[in-house]
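Peer 1: Residue numbers (this note's numbering), protein chains in the order written: chain A, 1 to 326; chain B, 327 to 662.
Don't read these hints as lab results, they were simulated from the structure.
Backbone N, C-alpha and C define an ideal beta-carbon position, used for all residues, glycine too.
Just so you know, not all the hints are guaranteed correct.
To be verified - Pairwise CB distance ranges, derived in the manner of DEER restraints:
no., chain 1, residue 1, chain 2, residue 2, range
1, A, Leu-153, B, Gly-345, 48 to 54 Å
2, B, Gly-343, A, Phe-166, 49 to 55 Å
3, A, Asp-98, B, Ser-461, 55 to 61 Å
4, A, Leu-143, B, Gly-345, 36 to 42 Å
5, A, Leu-316, B, Glu-531, 39 to 45 Å
6, A, Val-314, B, Ser-488, 27 to 33 Å
7, B, Gly-394, A, Gly-108, 55 to 61 Å
8, B, Ser-461, A, Gly-120, 31 to 37 Å
9, B, Lys-456, A, Ile-113, 55 to 61 Å
10, A, Gly-130, B, Lys-471, 29 to 35 Å
11, B, Gly-345, A, Trp-150, 33 to 39 Å
12, B, Gly-343, A, Gly-108, 45 to 51 Å
13, B, Gln-504, A, Leu-316, 36 to 42 Å
14, B, Gln-504, A, Ile-302, 54 to 60 Å
Unchecked claim - To give a feel for the contact side, a few chain A residues facing chain B, derived at Cβ under 10 Å:
no., residue
15, Glu-221
16, Ala-227
17, Arg-244
18, Asp-319
What the hints assert, rightly or not - Sample of chain B residues lacking proximity to chain A, with all beta carbon distances greater than 12 Å (derived):
no., residue
19, Gly-345
20, Ala-348
21, Met-499
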Amino acid sequence: MRYLVQRILFYVFTAWAAITINFFIPRMIPGDPVKSLLARFQGQMSTEAINSLYVLFGLDKDASIWSQYIDYWQQLFHGDLGLSFTAFPSPVSEVISDALPWTLALVGITTIISFLIGTGLGVLAGWRRGSWIDGLLPTTTFLSSVPYFWLGLLAIYLLAGPDSFFPSSGGYEPGLVPAWDQYFIPSAIRHSLLPALTILISSVSGWILSMRNMMVTVASEDYITVAHAKGLSDRRVSLSYAARNALLPNVSGFALALGMIVGGTLLVEIVFSYPGLGFLLFRAVGAKDYPLMQGIFLVITISVLVANLIADVVYLLLDPRTRKEG
Amino acid sequence: MSGAPVLEIKNLNVDYGLGDQAVHAVRDVNLTLHRGEVLGLAGESGSGKSTLAYGLTRLLAPPGVISGGEVIYHPDGRDPYDVLSLDDEGLRKFRWAETAIVFQGAMNSLNPVHKISTQLTDVLAAHDPKMSAHSRNARAREMLKLVGISPDRMDAYPHQLSGGMRQRVMIGMALILQPQVVIMDEPTTALDVVMQRQILGQLIELRERLGFSVIFITHDLSLLVEFSNRIAIMYGGRIVEEAQASALYKDSLHPYSAGLLGSFPALRGPRRELAGIPGSPPDLKGMPTGCSFHPRCPKAFDPCADNIPVLGHPDTPDGPARTVACWLHPAQQPVG
Numbered sequence: 001m002r003y004l005v006q007r008i009l010f011y012v013f014t015a016w017a018a019i020t021i022n023f024f025i026p027r028m029i030p031g032d033p034v035k036s037l038l039a040r041f042q043g044q045m046s047t048e049a050i051n052s053l054y055v056l057f058g059l060d061k062d063a064s065i066w067s068q069y070i071d072y073w074q075q076l077f078h079g080d081l082g083l084s085f086t087a088f089p090s091p092v093s094e095v096i097s098d099a100l101p102w103t104l105a106l107v108g109i110t111t112i113i114s115f116l117i118g119t120g121l122g123v124l125a126g127w128r129r130g131s132w133i134d135g136l137l138p139t140t141t142f143l144s145s146v147p148y149f150w151l152g153l154l155a156i157y158l159l160a161g162p163d164s165f166f167p168s169s170g171g172y173e174p175g176l177v178p179a180w181d182q183y184f185i186p187s188a189i190r191h192s193l194l195p196a197l198t199i200l201i202s203s204v205s206g207w208i209l210s211m212r213n214m215m216v217t218v219a220s221e222d223y224i225t226v227a228h229a230k231g232l233s234d235r236r237v238s239l240s241y242a243a244r245n246a247l248l249p250n251v252s253g254f255a256l257a258l259g260m261i262v263g264g265t266l267l268v269e270i271v272f273s274y275p276g277l278g279f280l281l282f283r284a285v286g287a288k289d290y291p292l293m294q295g296i297f298l299v300i301t302i303s304v305l306v307a308n309l310i311a312d313v314v315y316l317l318l319d320p321r322t323r324k325e326g
Numbered sequence: 327m328s329g330a331p332v333l334e335i336k337n338l339n340v341d342y343g344l345g346d347q348a349v350h351a352v353r354d355v356n357l358t359l360h361r362g363e364v365l366g367l368a369g370e371s372g373s374g375k376s377t378l379a380y381g382l383t384r385l386l387a388p389p390g391v392i393s394g395g396e397v398i399y400h401p402d403g404r405d406p407y408d409v410l411s412l413d414d415e416g417l418r419k420f421r422w423a424e425t426a427i428v429f430q431g432a433m434n435s436l437n438p439v440h441k442i443s444t445q446l447t448d449v450l451a452a453h454d455p456k457m458s459a460h461s462r463n464a465r466a467r468e469m470l471k472l473v474g475i476s477p478d479r480m481d482a483y484p485h486q487l488s489g490g491m492r493q494r495v496m497i498g499m500a501l502i503l504q505p506q507v508v509i510m511d512e513p514t515t516a517l518d519v520v521m522q523r524q525i526l527g528q529l530i531e532l533r534e535r536l537g538f539s540v541i542f543i544t545h546d547l548s549l550l551v552e553f554s555n556r557i558a559i560m561y562g563g564r565i566v567e568e569a570q571a572s573a574l575y576k577d578s579l580h581p582y583s584a585g586l587l588g589s590f591p592a593l594r595g596p597r598r599e600l601a602g603i604p605g606s607p608p609d610l611k612g613m614p615t616g617c618s619f620h621p622r623c624p625k626a627f628d629p630c631a632d633n634i635p636v637l638g639h640p641d642t643p644d645g646p647a648r649t650v651a652c653w654l655h656p657a658q659q660p661v662g
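With the rest of the complex left out, here is chain A (with noise of 0.2 Å):
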C-alpha cells in the first residue's frame, strides 16, 4: 500500500512537471496568437479587431508569467485548455472531446486486441516450440518492420476505392450524424477496419515475439520442471506456471502501448484522415493552433502517466514479490 502511495505521488509530481513545462514552452516561442491569426487573415483586420482579439485571449494585460501561471492552472481545474484558432470560437476542451472517442475507440480496441492475440500465439509459439506458430513467425516480424503508414497506403491503394466494401478515408459516412443508431455504427465500424487492420499486423508480431521468447525462458526454469514432475495437466503447466510467469514483461510493454494510444498512431489517422487526436494535432500543426497543440500534449502527457499508474497496479496484482508488506 506505501509502494502504491509513493507512485500516486510521483506520478503526480510527473503531473505537474508535465504541465508546467506545457505552460512555459509557447510563451518561450516568438510570436503571440493573435499575430498568427492575422497572418491568417492576410492582414485584412482592423485595428478595433486586434485589440479586441488582445483582450480576448487575455493578452491585453501586462500580466506577470507568475499570475498567468496560476490561472492557467485554475482554468485547467475548470477543464478550460482555451479557444481553438482553427476551430474558433470552440474551446480546445470542445475540439479535443470529439475527436478522442474516435482515437480511444480505433487505437484502444486494436492495441487490446492486438495485444491478446499476440499474446496468445506468443505461449503457444513459445510451448510447443517448433510447430506451425513459430513458421508464422518470419512473416509477421517482416510485415511489422514494413512501416505503418506504408502499410496503410498499401491497403488502401489494394483495398479501397469507389466500389469497394472499404472506405479509404474518414471515420464515418458523409452526411451522417454520430449517434447511437443502426446508420451511423455500421458506418463507423466500416470506416475503421483498415486502418484497425494495419495497426494490428503491424503490432501484433511485436507481442508474439515477446511472449514466445519469456516464455522459452520460464520453459527451463526448476518450477516448471516441478510442475511436470507434479503431474499438472499440461495446460495447468503451461498458463498457470509458464505463461502466468512470462506474462510480467509484457505486461509493462502492454501499459507502455496503452499510454501511446492517444498520441502513438498520428501516421494511421493522417493515411486515412481518421477524425481521431492524432490527425487532429496533425491540423494543429499544420495551422499553428498553440493552444490546441498544448491541450493535445496535456492530453497525451496525462494518458501515458495513467497507462503507467495502470501498469504498477496491474503489476502489484500480478507479481506477488513487488508488494511490500507492512
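Dock chain B against the given chain A, drawing on the hints supplied.
Peer 2: Chain B alone, transformed into the frame defined by chain A:
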C-alpha cells in the same frame, strides 16, 4: 531391510542428442530399489546420477532421450508395469502419486507468483479431482505441520520463505500424495550444513513413519554413509559399485569408491590425509576405452585400458550381497 522390490531399473540407457552425435550419459544401468529402503546414488558432477533420476521419471528435457531399457514399478497391491511405456495420461497419474521428486534447486523449485497453499493443493486437485477444496486445504496444512512449518504460512509466497523452509515445503509437497518412492536429487546442496542435517534427520524420521522408499542422489558420500541403507556409485554413466552402506564404507572394492571416500574427513577415528581423486571426470563425448576410470585409477593394470569390466558379484565373503565393476575383482556372475 531389503523387502520386495518397488522400482527396478533394467538396462537403462539415456542419451543426449541423436545418432552419432549422441552423448551417452547413462549406460546399461541396473538398479533395484526395495520397499522401505534408502538407496544412495553417489558420484562426481557429470557422472549421470541426475540424468538417471530424470530418465526414470521421464522428465528429461530435450535433447535428452531414453534410448533403451525398462523401469518396472511395483505398485502396492497391483501388477507391476513399465514406466517407460506409459501413455501421457498414465504417466501424468504415475507422477507424484507413485514417485515424487525433491529437486536440487530449493530456491527455484516453487512458482514465485503463487502462494504455497496453491502449489500444495493443485497436486491434490490434479490427482483427485473429486476432493473438496476444504479437504485439500486441510491436507496441505497437515503436510506443512509434518515438515515443521507453521500452517499459518499457507498464504505465504515463496520469496517470503527462507531456503530451508522452501525445501521443507518441497519435501512436504513430495509426500502429500503418499508416494511409494521419493527421489531426492541433491536436496540439501543449496543449504548450509546445519540446515542440511535438520532436514535430512527429519526426512529419515518421516520415512520411518510413512514407509516410503528413497533414492538419494548426492555427490556427498559422507551423507550417504550415514543416512542410506545401500549405496550405488556412478562413474561415467555406469554403476561401478553397489553395496550395503556399511560394507562400502569399511571396505570399498572399486578404486573410485575408495577415492570418493578418501575425499572427505572422517568424523571419528584417527586423523588421515585427505586424498581426493587426481584428474577430472571423463568427457562423455570421448570416453576412454576399457574401464572409463583407468586414466585416473592408481591401481590400473593390463586389462583396464582395453576391456570394459562388467558389473558382477565379486569374489569376496560378502560377494553375493554386493556388486562391483572392476578388473581387480572380476565378476563371478555378471548381473543384468
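Peer 1: Give a verdict on every hint.
Peer 2: Results of checking the hints against the structure:
no.	hint	result
1	A:Leu-153 to B:Gly-345: 48 to 54 Å	51 Å, holds
2	B:Gly-343 to A:Phe-166: 49 to 55 Å	52 Å, holds
3	A:Asp-98 to B:Ser-461: 55 to 61 Å	60 Å, holds
4	A:Leu-143 to B:Gly-345: 36 to 42 Å	37 Å, holds
5	A:Leu-316 to B:Glu-531: 39 to 45 Å	41 Å, holds
6	A:Val-314 to B:Ser-488: 27 to 33 Å	29 Å, holds
7	B:Gly-394 to A:Gly-108: 55 to 61 Å	58 Å, holds
8	B:Ser-461 to A:Gly-120: 31 to 37 Å	35 Å, holds
9	B:Lys-456 to A:Ile-113: 55 to 61 Å	39 Å, violated
10	A:Gly-130 to B:Lys-471: 29 to 35 Å	45 Å, violated
11	B:Gly-345 to A:Trp-150: 33 to 39 Å	47 Å, violated
12	B:Gly-343 to A:Gly-108: 45 to 51 Å	49 Å, holds
13	B:Gln-504 to A:Leu-316: 36 to 42 Å	38 Å, holds
14	B:Gln-504 to A:Ile-302: 54 to 60 Å	58 Å, holds
15	Glu-221	6 Å, holds
16	Ala-227	7 Å, holds
17	Arg-244	6 Å, holds
18	Asp-319	6 Å, holds
19	Gly-345	18 Å, holds
20	Ala-348	19 Å, holds
21	Met-499	8 Å, violated
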